[in-house]
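All chains, full assembly: derive it from the sequences and hints.
Residue numbers (our numbering), protein chains in the order written: chain A, 1 to 215; chain B, 1001 to 1227; chain C, 2001 to 2255.
It should be emphasised that the hints constitute simulated quantities derived from the structure, not laboratory data. Honestly, I wouldn't trust all of these hints.
Anything over 12 Å on all C-beta distances counts as not near chain B; from chain C, calculated [what the hints assert, rightly or not]: (1) V2012; (2) T2076; (3) G2077; (4) E2082; (5) E2113; (6) K2123; (7) M2166; (8) D2174; (9) D2218; (10) R2219; (11) A2242; (12) S2248.
These stretches of chain B come out as covered by chain A in the derived footprint (C-beta under 8 Å, 3 or more residues) [stated by the list, open to error]: (13) 1063 to 1069; (14) 1155 to 1164; (15) 1180 to 1191.
This one's a predicted model, so the numbers in the text were calculated from it and none came from an experiment. We put the CB at the ideal spot given by N, CA and C, even for glycine.
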Amino acid sequence: MNFDLNSINVILPLLLQGLKVTVIASTGAVIVAIALGLLIAIVRRSAGRALRLAIDTVVTVVRSTPLLVQLYLLFYVLPLYGPAMSPMTTGILGLGIHYCAYLSEVFRAGIDAVPKGQWEAAIALQFNRLQTWRRLIIPQVVRIVLPQVGNYFISIYKHSSLLATITVVEILGTTLNYAGETFRYFEAFTLLGIIYFIVGFSLSRTVGYLERRLA
Amino acid sequence: MNDYSLTEFLMRIAPALGRGALVSIEVALVSAVGALLIGFVTGLARLSPHWYVRLPFVAYVELFRSTSSLVQIFYFFYVLPLVGIRLDAFLTGALVLSLNFGAYVSEVVRSAVQSVNPGQWQAGVALNMERAQIFRRIILPQAFPVMLPALGNYALELLKATSLVSLITITELTFAGSQLVQFYGRPTTIYLAVFTIYLVMALPLVALNHHIERRAGGVWQGKVRHK
Amino acid sequence: MNNQSTPAAEFVDVTKSYGTLEVLQNLSFSIAPAERVSLIGPSGSGKTTILRMLMTLEQPTSGDIRVFGKPLSSGTGPRLREQDVRAARAHIGMVFQQFNLFPHMSAIGNVMEAPMQVLGMAKDDARAMAQALLDRVGLGAKADSYPSQLSGGQQQRVAIARALAMKPQIMLLDEITSALDPELIGEVLDVVHSLASETRMAMLVVTHEMGFARDIADRVIFMEKGRIVEEGLPDQVFEDPASERTRSFLRSVRR
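Listed below in structure tokens is the structure:
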């Protein structure tokens, strides 16, 4: 098997185009996951027993089932009952919902790690609920959870390749399409692996740096 | 395409989904054993004082942790045959999942061993025990309970990840579901059934992990008190 | 000191440094069989490093360490073989400041472990011996307790029994009371005193308890900044030290 170096000229621009889609999808998904995860963590804190049990059940169900099947449900089943979404929107939503279950746990632990005295200080300063969260608690939680959120962003980046299965042409989808047409599996997949590694490795180094800085 | 009632339809698809679920469990078990073996060897090798021992294992771990498991599966499935290595789909899937999760397990093993107080190793030396004896009798029994919560979580992740091998033609649960959808239509019923079966398979692990997490820390104290 | 018999342990021109920091400088001294030696001095003077090097937990940067005439470690010579090191080390036992009991084994399990694993002793024999040793340190009734269920003083007595089980000829005691609450120190020192009067083990003791250092020792060594400043009989060093540095150290700890 010999590696056709000339094909790199064709494949590389295609893959970088695909990488752009991967990055957009991952970023969109992490924003959805953070928003939903934070919402769950905050609501759960002030919820009664029944609501809390319901939230915990949903979180466990989402965490315990494969992302791939969740994507199939969103992509093949949901449009039968509601408005059709683009594959990209479906993918971002699916990834975001899957990971909001993990992030809600991270945020919950982060909120618990804020010292009790901070809440008492907020009362002493006559802050209202919203002010307390916005001005005092969330800024501190962000510092505590940032490295873990970073690690989950890397997981999302890696898992975003599953969007290829619901016709999103991200970097893996691009590779599968190209290799399927040209049969240059060796070149296309090796280049895919290299690019995936460079981005993933850089991300994990960055998060590692963040971890040491904030520790 | 068909007019079966819901119950009739579920009865019709049950055998195929059941067979698929068994294959999923099979893939998960084989990969779990593989990941544990690879993870232990790698984790211990990475504790070696010699850089040339650590280097290849560090490279392997970084490679597999920095790329997507699905990309790895496709890479092994499409590229290995081109360089003359022919494995059947099941073996390819189990091998990649073993290597992928082995990389994560190795981190768990390494940090658990490092978490054991260095005084324990010194006490072993002071009793003139051999390195292997200190490791087996003193260090590992203390490191193992530290590993359990993380290993439990990875077991659950591994069960979920088996769904990925559906994409390289292994007829496990997800692929069985997709085939049924192609044949019968009715994606709502079929995919919800698949979803539910995954959930049912995961629940024992979820319960086990919950139990491990609650017990974490109190391992040695419990032994005599419960006598 | 007469040198008719082989010293139990011997340091020959030993230097230990971490980077540019010299912890021990050209140290030479020896301990006779059955001799009890106390090492005293301010923290950072290198006392504990001496014990740790005798236990091969640290390697000398240069110089040689011998146990009953056999090389234990060498800072300059060829690397010693693992089995030779273990043969030399077999004569030495150590009790640590932090006890270092094995938390996953009961008290008697801690004592039985090395005789069974290292000496190949049968389980029943090991159990009988371990029980006798626990009786001797006053913990016969706690044989089945786990370390987490014992007080600090009790844990340290188990650690002493564990070290004794290997029948060492040199016992290293490394600040064995420093991690204990004051009211628990006495029970541990009582055990060591009774061992000293009933056995012929050599003992090398690092301690901040000056009364103990004086009572247990045949010879006291005062160290500072990695060097031996002064050594002599306990009464002489404590009552009439030759060096002004020893005098000021003793004043500061007695205050």
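Okay, the hints, checked on the actual structure:
no., hint, verdict
1, V2012, "holds (22 Å)"
2, T2076, "holds (21 Å)"
3, G2077, "holds (21 Å)"
4, E2082, "violated (8 Å)"
5, E2113, "violated (7 Å)"
6, K2123, "holds (14 Å)"
7, M2166, "violated (6 Å)"
8, D2174, "violated (10 Å)"
9, D2218, "holds (23 Å)"
10, R2219, "holds (23 Å)"
11, A2242, "holds (34 Å)"
12, S2248, "holds (33 Å)"
13, 1063 to 1069, "holds (count 6)"
14, 1155 to 1164, "holds (count 6)"
15, 1180 to 1191, "holds (count 4)"
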